[in-house]
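Residues per chain are reported as follows:
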Amino acid sequence: MDLLQNFALGLSVALDPVNLLYCLIGVFAGMFVGVIPGIGPMTAISVLFPLTFYLPPTTAMIMLAGIWYGTTYGGSVASILLNIPGTASNAVTCLDGHPMAKSGRASVALLFTAVSSFVGGTLGTLLLMFFAPFIADVALSFGSAEYFALMLLGIVAASTISEGSASKGLAAVALGILIGCVGLDIYTGAPRLTFGRLELAEGVGLIPFAMGVFGVAEVIASIGNVREARLNSSTVGFRHMKPTRDEMRRSWKPMLRGSGIGAFFGTLPGTGPIVAAFMAYAIEKRVSKTPERFGKGAVEGLAAPEASNNSADMTAFIPTLALGIPGSPTMALMLGALIIHGITPGPSLMTDEPEVVWALVLSFWVGNLILLVMNIPLIGLWVRMLTIPYRWLFPTILAFICLGTYAVNTSSFDVWLVLVFGLIGYGMRQLGFPIAPMLLGFVLGPMMEEQFRRAMLLSRGDLMVFAERPISATVLAITAAILAWSVWSALKRSKPLADEQPE
Amino acid sequence: MSISKLRAIALGAVAALAATVAFAEDYPSHPITLVVPFQAGGPTDAAGRLIGDAISSRIGQPVVVQNVAGAGSTIGAARVAEAEPDGYTLLMATSTAMVVAPHIYNNLGFDGYRSFDPIGLVTQAPFVLLVSTDSDYETLGDLMDYGRANPDALNYATPGVGTVQHLAMEMLIAKADVKAVHIPFKGTSAARTAFLGGEVDYMIETPNAAVPLIESGKARALAVLSADRVDSLGDLPTAKEQGLDVEARSWFAVMAPKGTPEDRIDTLRGLLDEALADEEVDAKMKASGFVPSPTPTAEFESMLETEYNNFKTVVESAGITLQ
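Chains as they are written, first to last, in the numbering used here: chain A, 1 to 503; chain B, 1001 to 1323.
It is worth saying that the hints were derived from the structure and are not from the lab.
Computed from a predicted model, the values in this text were never measured in an experiment.
Heads up, the beta-carbon is just placed ideally off N, CA and C, and yes, glycines get one too.
Be aware that one or more of the hints could be misleading.
According to the in silico footprint, chain A covers these stretches of chain B (three or more CB under 8 Å from chain A) [said to hold, decoys possible]:
| # | stretch |
| --- | --- |
| 1 | 1073-1086 |
| 2 | 1153-1163 |
| 3 | 1179-1186 |
| 4 | 1208-1216 |
| 5 | 1287-1300 |
Let the sequences and hints guide you as you build the complete structure.
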């Protein structure tokens, strides 16, 4: 059978000592960069890219891909320990990961993210292996109407994921959308909120935005309360890593659901791991019988997004490999490694270059395994990071954030943006506005607008296009149902309270 | 005489001395920076690094590729336009930044190719017009006839408003007297996805991107927008052969900031010619889908001027204003 042959071919190339070594280098580098806030996959890959010039294409791809999914593994470490997401796709992990760490269960949280990431990564890889061409065709059938419907579902489902006031959550989403609007209008080219700066023509970058509102804001906020809630770093070692039976029972379903959600969103070009993590978290919270535990250290709120973003990391390769179309700038960079070596990515990449594609896919699994095995003994080391005095740790983090942001475009303007968003993020925290929904608005808002207006252009202004296309109609119906359900359950919750008052 | 005046004179003297030293020294005496206006990994970056390595091995000085991305390659171009014109900062320039953007943006900080001294053309690729294999259009005439009979019925995808692809399309439909709807996307990948998904009727691509689509049976090429047929596209006729005299291409070139000393420009021109003639560079560039196009300076300069003026006309007549 073809598949078995390809599998064997891929495995033999992936296990070749040289490729294995570069896979190890890739995931190791990825994980370390992931741990450092400010340096994400984009920075790491663009900095290490020139190295791939001197490597065979397969080896180069294996290494770059290792960095890509390695950063998502490592990114959760900073989310859990410092409440600063290592990469933007780990932002949701802060919500329950950090509270777990604060209650002295940092090792358990890290163990769960490692296992969830592995489960997500493995399931994503399996899907990629067996269904890539099929899934790619399905993804192609998603037009702008379908995208718009999905984005709307995402924003409705996930905008209330944070604890506290719903109106503050919505305000944060709206602010995120507003910041996402900066840049040239893609349909008319009219500059919006660019203040005449050429640097803002393409909008605010995700990295300066996320690093400002999460990273810098957290650092400023911790200056005031260094003495408070110093994490208990003495609880290191395998003994303290042991999760409770209850936690194990509660985590496997979220891992599987998260992987599925991640696999879906990873496939659609342009959405990727960030949206996947948000959706997985939002859905877990909705299906949970005890949603009030979320945000206070619920293991489900950790397992689902971590499985999801890693699964999305893998399936993001489906459009890239099956169609030769990169779904994100990072994927485009990776395809660049092939282009440089004379392999032109296109719809026939999988048939023309089975060796490259299959070796790469199987290396994912090898890499995920390495990450899991490597991560468990490293947990003790990560937790020890907290024993570094804040006066050393935080300035270092700030320096890395600036460096990482600067390195992507060699732009000092982006570093100023980090500062501005750091102040905005700090102000929001002080006033009790949640930050995570703002990131969601920032990512989804502009995409929603882009797809809506494109659907309108294509339908020549007929709104019925959203109802006529079956996928978009279904998704919009689900969105409406969620909205109705939210309103209904909010009314139900407030009613007994109103009844009690007269007594 | 006040202290500050003395200081100014001292500074001036030092600057003058420094300048003399700079002119007297051998060029190049320290590393050259080649600014690639895109993130690492793209086709421009690949070509930049190939050329950089080839030049570096000839001068015994490193050529450092610096990726300054953003705003459709105009930020990198602006950075080089403002750089010291000493031959140590060069630009891997795109046609978008040199001949299109100046007519569209008013806050660029440079005036297209006029802010630069051309070193030389590196590569150029003509655009190929593609339709889906599911469609009935077999020739450019079929497509344009349908478009003429049904105004605003056809949709075409481009990587964005004000890109070379957009303006080339505007030129084409204006010449064919067709009204079609422009559907801009954010970049080539997004446009290609929509094209493959059947959301739009046609688009243009360079041969290195078009050939895999044609070979996999997902797209049919109707015409190439160049003066002559292109080998890699077999017997595909040009648009001109089909009665529409439109030429459009994507190119990149090495440029230096305006005012770079003449002798250094000559040195660089020689080095670029040698690099492009290098067998290894040639093979590697061809493998990446580029045809190295060493072009005499005068010819390149006139090409720049023609394209600059042509696009100016298109932008004005199609009413494309971004500011």
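Notebook entry, point to check: What hints, given by number in increasing order, does this structure fail?
Noted result: none
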